[in-house]
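K.L.:
Using the hints, position chains B, C and D against chain A.
Chains as they are written, first to last, in our numbering: chain A, 39 to 407; chain B, 39 to 407; chain C, 1202 to 1620; chain D, 1202 to 1620.
Since the hints were derived computationally from the structure, they do not count as laboratory data. Take these hints with a grain of salt, some might be off.
Claimed, not checked - List of simulated lysine-lysine pairs, DSS-like, C-alpha gap at most 30 Å:
| hint | chain 1 | residue 1 | chain 2 | residue 2 |
| --- | --- | --- | --- | --- |
| 1 | C | Lys1605 | D | Lys1618 |
| 2 | A | Lys293 | D | Lys1394 |
| 3 | A | Lys293 | C | Lys1301 |
| 4 | D | Lys1471 | B | Lys293 |
| 5 | C | Lys1605 | D | Lys1605 |
| 6 | A | Lys293 | C | Lys1471 |
| 7 | C | Lys1605 | C | Lys1618 |
| 8 | D | Lys1618 | C | Lys1618 |
| 9 | C | Lys1394 | C | Lys1471 |
| 10 | D | Lys1394 | D | Lys1471 |
| 11 | D | Lys1618 | D | Lys1605 |
| 12 | D | Lys1605 | C | Lys1618 |
| 13 | D | Lys1605 | D | Lys1394 |
| 14 | D | Lys1618 | B | Lys293 |
| 15 | C | Lys1605 | A | Lys293 |
| 16 | B | Lys293 | D | Lys1301 |
| 17 | C | Lys1471 | B | Lys293 |
| 18 | C | Lys1394 | C | Lys1605 |
Unchecked claim - From the derived model, a few chain C residues whose C-beta atoms are all more than 10 Å from chain A:
| hint | residue |
| --- | --- |
| 19 | Asp1336 |
| 20 | Arg1545 |
| 21 | Leu1568 |
Backbone N, C-alpha and C fix where the C-beta goes; we use that ideal spot for every residue, glycine too.
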Amino acid sequence: MHFAFTPEQEQFRDAVRRFLRDRSPPAEVRRLMDDERGHDPGVWRQMCQELGLGALHVPEDRGGQGFSVTELGIAFEEMGRALLCAPYLSSVLATTVVAEACAQEEAEQIVSRIAAGEQLAALALTEANGRWDAGGVELIADGGRLRGSKTHVIDGHAADLLIVAARASGSTGEEGLSLHVVAADAPGITRRCLTALDPTRKLAGIDFANVEARCISSDAAPALRRTLDIACVAVACELAGVAEALLESAVDYAKLRMQFGRAVGSFQAIKHKCADLLLEVELAKSAARYAAEAATVSDADLPALASLAKAAAADAAMRAARDCIQIHGGIGFTWDNDTHLWFKRAKSAEVLFGTPAWHRERLMRCSEV
Amino acid sequence: MHFAFTPEQEQFRDAVRRFLRDRSPPAEVRRLMDDERGHDPGVWRQMCQELGLGALHVPEDRGGQGFSVTELGIAFEEMGRALLCAPYLSSVLATTVVAEACAQEEAEQIVSRIAAGEQLAALALTEANGRWDAGGVELIADGGRLRGSKTHVIDGHAADLLIVAARASGSTGEEGLSLHVVAADAPGITRRCLTALDPTRKLAGIDFANVEARCISSDAAPALRRTLDIACVAVACELAGVAEALLESAVDYAKLRMQFGRAVGSFQAIKHKCADLLLEVELAKSAARYAAEAATVSDADLPALASLAKAAAADAAMRAARDCIQIHGGIGFTWDNDTHLWFKRAKSAEVLFGTPAWHRERLMRCSEV
Amino acid sequence: MSETAPTDPSADSVRREVREWLEANWDPNEDLVAWRNLLADSGWGMPVWPQQWHGRDLPQALAPVVEEEFARLGAVGVAKTGIRLLAAATLLEHGSDAHKARFLRRILTGEDTWCQLFSEPGSGSDLAGATTRADRHGDHFLVNGQKVWTTSAHHADYGLLLARTDWDVPKHQGLTYFVLDMHQEGVDVRPLKQMNGHASFNQVFFTDAVVPAENLVSAVGNGWQVAITTLMHERRGADGLRGVQRERDLPGRIYEQEREEIAVALEPYKWYPQRAGRVDLVLERAQATGRNTDPATRQEIAKLLTMARSAEWTARRARAAQQQGRPQGPEGSLGKLASSNIARQASHVHTLIAGANAMLAGEDGDLNGLIAEILISVPATSIAGGTDEIQRNIIAERVLGLPKEPRMDTGPFRDVKRN
Amino acid sequence: MSETAPTDPSADSVRREVREWLEANWDPNEDLVAWRNLLADSGWGMPVWPQQWHGRDLPQALAPVVEEEFARLGAVGVAKTGIRLLAAATLLEHGSDAHKARFLRRILTGEDTWCQLFSEPGSGSDLAGATTRADRHGDHFLVNGQKVWTTSAHHADYGLLLARTDWDVPKHQGLTYFVLDMHQEGVDVRPLKQMNGHASFNQVFFTDAVVPAENLVSAVGNGWQVAITTLMHERRGADGLRGVQRERDLPGRIYEQEREEIAVALEPYKWYPQRAGRVDLVLERAQATGRNTDPATRQEIAKLLTMARSAEWTARRARAAQQQGRPQGPEGSLGKLASSNIARQASHVHTLIAGANAMLAGEDGDLNGLIAEILISVPATSIAGGTDEIQRNIIAERVLGLPKEPRMDTGPFRDVKRN
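Chain A extracted, bound-state conformation:
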């Protein structure tokens, strides 16, 4: 395991950070969160074509950039810091599951178009039961036709292509799971944009009324498991970035804000809150980065480590969000102050792919306790 980034990885981080500083300042985040599409297509194409972020971690022979989950984690940390509004997480979900589930040639075909920014794809997994594991799939695939509903589909409203998890009629658990590809405007598909608590990440509900779709995998459980592990790692990294950005904002404000003739950051109440927060943020970063490394080196403990990281980062980000508002005082609760943007990302991502408590239980189960 590596505990330090290589110079190339640090350069990559700098490049992503510079890009996001330019293209995703808070004003732009505010513009895009009110935009129905939720992202700027030009910026997204640039991210894909100039920075190669589209399918960063997918092997080259499957249409990706051939970097590792470590680089993916770096990108997500930075996106969490900048609160990027773009179909990035959805692309990671889509390209990962396709690369894992499909035969090489088919994977390359689908992934390379997503990676080039030519096509937006979304993974339609979760349903009304709110479960994030493959076993929660209830939508039926029957003779190449899909019947059922998906919800919480990230960027599902804007996707050109849907990758749909389904199951054979009568099957349960991890048996009988399949993956299907279908154009988002195919007959029988109804999509609606959901009102998201975090307006910087769009969610859709999608109904499938006997929709003809191409099956790309009829044994989808392993690919979905792996995809969810990678997704948890990515969101853990993102949340570590969110937490870090919030901490920095709180500390900056505590240095400037005067009350009772002193900077509020000179009061131990604030000072010690920041110190505790730094510790929690650093621990969360370590956990997220370690999990990313574990994915990179194909550590067999990845499921446990991904759950550990997701739980740790979600808790750290929520604490950072709460503390950042508290340290700002009243101003931190206003719409014009940017803190709530990160707060809402933290709150929403806290439950995305499972609550911290759910992941802690999964960590124990994976550790065979």
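P.N.:
Same frame as chain A, but now just chains B, C and D:
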């Protein structure tokens, strides 16, 4: 429900507090915790005969003083504050279970001797499985003879009389439970004093090798349930007193101790810790007192309220113990400083009759959630 | 504890008197303002106030008797919504007779609405650090600066203004208290939107706003003492948001008018229950979603219920002690701190219960967005009305007697570091 | 990250040189002190020290090469246990040549034991507030006062003493650093028993204890600067408690003597693993007791593992950064704070797992009392070596750059409030 004590109850508190200030100062606590018997028989007799504490809450027609659990709670708060070393909790357990389980005349006979300080009695309930509910009893009563082992028996080493929970061979759960009375020196009984983490409250292990005993109840589950509820309320009150004493000690020290040219209590780190602690202590006191009132007025919610109070008071006392040591700094970790005496009471009472987590689950169950 | 007032002879005679008066005068079809003018004339609207000022000089202990008789008949009382009674109490204590004559009656009738102009962007926790200035120009003062968190400023007729008149003395000594006419060009009220989308508060900007010298309350430099009176009444809950809603919609013109008045006054507070965490919804939500079977969630719910119920019992202990004649102390700060903890834990529990649906808001969210509103409103609880940090200072210093911190703001205000 | 030192040409030549020397000189049946005298003469015992003082002036980066060669042969090094190397490092930096000549060799051979006389009952978090006084009387100082938390004072030959020589200057300026001979009448060492029953520390009372003027280190009034050197080396873990235990009990007289030395040095620390919470025991205990099936306990265990593993990874990140040439910062304080949280949570988890048995200790307790020892030792973690509060100050000020608090102790020490 009453939320304020009557003048008589306040006078009772004052009387108990004065008595304990005289008879249970820390030096005396230290003397008795090294004493094998664990209490001063003269002081105990005085408590019984002068203050009437022996069976305070047991109805007069069952040999008690006829006060309510509210007064019992007051007594326990004060005993927690003073860390009294005396067979008080054991007497409450014994008299409560006897008063609940026995016919009136028999109850009066047994209770009145305990109440007079003439006889020490202990309830032998818990066994190696560590369970505090009646269903955990495994010791067998068979043809008037007891076979099995008890442990964690409070004051079991010093008791003259043992009240033993047993079950009919082959029964499970709350069925087949019985209560038996036996002289502690009866043939077949082996007692050993256990090394207690909290040396101010003595515990014994007791083996019963085919011991002849008198059965006082053959349907003991209701009496045991009620007894455990009262015991939880009593310990909740005790822990509220422990927490309050620790808070006061921490605050006193924080006012006196100078570091960096200031009283440490002027630093927000200490100041805010004390404020948070006061809140938790006050909440725990409210919970404990409310549960005591609930027992007094025979509220049907007593089981839930007893569990709530026990969990709240245990958490408050442990936090107070930790914070009190922390605020004292190094000196708070020394043997000569009194803090650890209360710390150990808090830690031990935290698990006595069930951990806070166990009681929270019980609260939910009792609330039919 | 009994909820009824003492039944001593004077109580009985007061009860008789008010009952007779009400029976003779109360009419649910009366016009609201006309009725309240009657109350102001009779003194029955504010019976503990001085006889000279629309009251009857009754002792506080007898007030409940009067309230009970009003309640018995469903008779409408004086206007209490908004901060009217804070304004009235402050003017009663510190105002001149001219102030009382001019302002009190129209407060009671509800014809005038008031707002409180204390908080500033630069002085949140540190109210006495106000930098809005009032400079004397002959017979009036010119006010410049900015206030914030001003509830109802957009429809207020008058504002209770705390402004700095002297920069060369320590900060508490350079403040003066004014009654400011909100209807003037130099006053610009703008809504302040919160992170939950509501805009319950306002920012108020002053550009040479004019206050005639006769609107000065107490004396120049005495503003902090006057403000403390207002704040103490606020802490006692005299802000008129409790107990104003009638159990059912009674028929009659006066009730209609009262309902309208209350609706306007309560509008900014509609998200306050969500801010407090909606503990009341937890058990039923857990059961409805099936999360009540999850042991980890059960633990968190039990912790929440323990905190919430214990806090309620603690408040009732404090009230019972008060009824036994012990003075109210800073226990309010304990309750405030508890409510922050409860709101935070409630938000945590609602998140656990909602699971994936915690990502949704508005019509798509659980309970039509109510749960989402809880999640994004709770952070206000530990800030509004004095941050948790300030409450901990108050508790530590005033209840526990811990020593104060060294102060850095005791010199002339001009030299105090500020934003 | 590679654990081996660089393989540049100088490394190779050093490796060859030390290997040849060891092969020629190392003998496991040698007497320990005799062997270490050989090390002191050759400079191989402390190769980065100056050639003049038992070293070889090697750069720090090459030290691992020498250590590897010693390890390869199992050759015993100089005495590092206790605070010997803190004493040596301090004297190397601030001592006179006379001090170095007199003390360094016997530190390396292990013939002298040292202790650190900094902490006092009245100055725990505030070390510079020491009130033990040293008053000059001609060619010597007389020391009066009390120190506390002194590990190994009962068998120490010398103490590193921080004492006040001037009460009329600010507190950091009035301190002086001395080497004190512990074997004298004016020094009274008494064990200090802790709440867990161990007595790992001592109190040291001085009654006209004598320090000859030549034992003054650096200059009068310069004691705080010297003490900082000691503390910095302590923070870097130079207190010689790590890496001294050999993997197995090797045969040979010198190993026997080394084992004895280590056993004496480590005796006071035997409860330290329990103080840290024994996270290593948790999973196996949960399984053995069946508590691993309880969902609430599982949550708490998972939280503990998350903290413990994340803290370990954070420490490794810091080490990796250091190996990349970035300087060590105050991350030590982060690790210290993490270890307090971990210990507290571990104690909580051990309580949940033990259940009723958490009431028992000694032979009756779980794991023969080990669990009980955890429960009553953990509170020391957040105090010893600088309280959590002090660590938070350090983190906030030195890592996050938050402003310092106003200070109340900058005037003449005589006037500073103290106990």
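K.L.:
It remains to establish, for every hint, whether it holds in the given structure.
P.N.:
Cross-check of the supplied hints:
{"no.": "1", "hint": "C/Lys1605 <-> D/Lys1618", "in the structure": "holds (15 Å)"}
{"no.": "2", "hint": "A/Lys293 <-> D/Lys1394", "in the structure": "violated (44 Å)"}
{"no.": "3", "hint": "A/Lys293 <-> C/Lys1301", "in the structure": "violated (45 Å)"}
{"no.": "4", "hint": "D/Lys1471 <-> B/Lys293", "in the structure": "violated (35 Å)"}
{"no.": "5", "hint": "C/Lys1605 <-> D/Lys1605", "in the structure": "holds (18 Å)"}
{"no.": "6", "hint": "A/Lys293 <-> C/Lys1471", "in the structure": "violated (35 Å)"}
{"no.": "7", "hint": "C/Lys1605 <-> C/Lys1618", "in the structure": "holds (20 Å)"}
{"no.": "8", "hint": "D/Lys1618 <-> C/Lys1618", "in the structure": "holds (27 Å)"}
{"no.": "9", "hint": "C/Lys1394 <-> C/Lys1471", "in the structure": "holds (14 Å)"}
{"no.": "10", "hint": "D/Lys1394 <-> D/Lys1471", "in the structure": "holds (14 Å)"}
{"no.": "11", "hint": "D/Lys1618 <-> D/Lys1605", "in the structure": "holds (20 Å)"}
{"no.": "12", "hint": "D/Lys1605 <-> C/Lys1618", "in the structure": "holds (15 Å)"}
{"no.": "13", "hint": "D/Lys1605 <-> D/Lys1394", "in the structure": "violated (36 Å)"}
{"no.": "14", "hint": "D/Lys1618 <-> B/Lys293", "in the structure": "holds (13 Å)"}
{"no.": "15", "hint": "C/Lys1605 <-> A/Lys293", "in the structure": "holds (22 Å)"}
{"no.": "16", "hint": "B/Lys293 <-> D/Lys1301", "in the structure": "violated (45 Å)"}
{"no.": "17", "hint": "C/Lys1471 <-> B/Lys293", "in the structure": "violated (44 Å)"}
{"no.": "18", "hint": "C/Lys1394 <-> C/Lys1605", "in the structure": "violated (36 Å)"}
{"no.": "19", "hint": "Asp1336", "in the structure": "holds (23 Å)"}
{"no.": "20", "hint": "Arg1545", "in the structure": "violated (7 Å)"}
{"no.": "21", "hint": "Leu1568", "in the structure": "holds (13 Å)"}
Checked against the numbered hints given earlier, this structure breaks hints 2, 3, 4, 6, 13, 16, 17, 18 and 20; the rest are met.
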